[in-house]
Amino acid sequence: MENNNKKKYSILVPTFNERLNIALIVYLIVKHLKDVDFEVIIIDDGSPDGIQDIVKQLQRVYGGDRFLLRPISRKLGLGTALCASSCNWFLCIIENHP
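In full-length UniProt numbering, the protein residues as written are 1 to 98.
These aren't lab readings, by the way, just hints derived from the structure by calculation.
There's no promise every hint is true.
Derived DSS-like pairs: lysine-lysine, alpha-carbon spacing no greater than 30 Å straight-line [unchecked claim]:
#, residue 1, residue 2
1, K7, K56
2, K6, K56
3, K31, K56
4, K8, K34
5, K31, K6
6, K6, K34
7, K7, K34
8, K31, K7
9, K34, K56
10, K56, K8
11, K31, K8
Please work from the sequences and hints to get the whole structure.
Quick look at the structure:
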């Protein structure tokens, strides 16, 4: 019997200057969540590093309906990112420390 009540998850990935890391994050999500119904919402917090172009390339590879880009024109912080989805969600935080 098939379970029609399968949950869909939104994985929120807030980014700021993560151009060099986003492709690996997306690859690992796809690799490890093969049996999960999910979407990835990448919220770019006004990065000047060109991450939006990288995300658009990833959308062509993995599908623009599953990997969504939500650019913010200026840095507004993590709270804004959390408002991007109304369904069940996981939060993936990329944190670089010097």
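A quick look at each hint next to the structure:
1. K7 / K56: Within the cut-off at roughly 26 Å; holds.
2. K6 / K56: OK: K6 and K56 at ~28 Å, within 30 Å.
3. K31 / K56: holds (19 Å)
4. K8 / K34: Measuring from Cα to Cα gives roughly 13 Å; hence the hint holds.
5. K31 / K6: Measuring from Cα to Cα gives roughly 20 Å; hence the hint holds.
6. K6 / K34: It holds: about 14 Å lies between the C-alpha atoms, which stays within 30 Å.
7. K7 / K34: Within the cut-off at roughly 14 Å; holds.
8. K31 / K7: Holds, because 19 Å separates the two Cα atoms, which is no more than 30 Å.
9. K34 / K56: The hint holds at about 21 Å.
10. K56 / K8: Measuring from Cα to Cα gives roughly 23 Å; hence the hint holds.
11. K31 / K8: holds (17 Å)
In terms of the numbered hints stated before, the structure departs from none.
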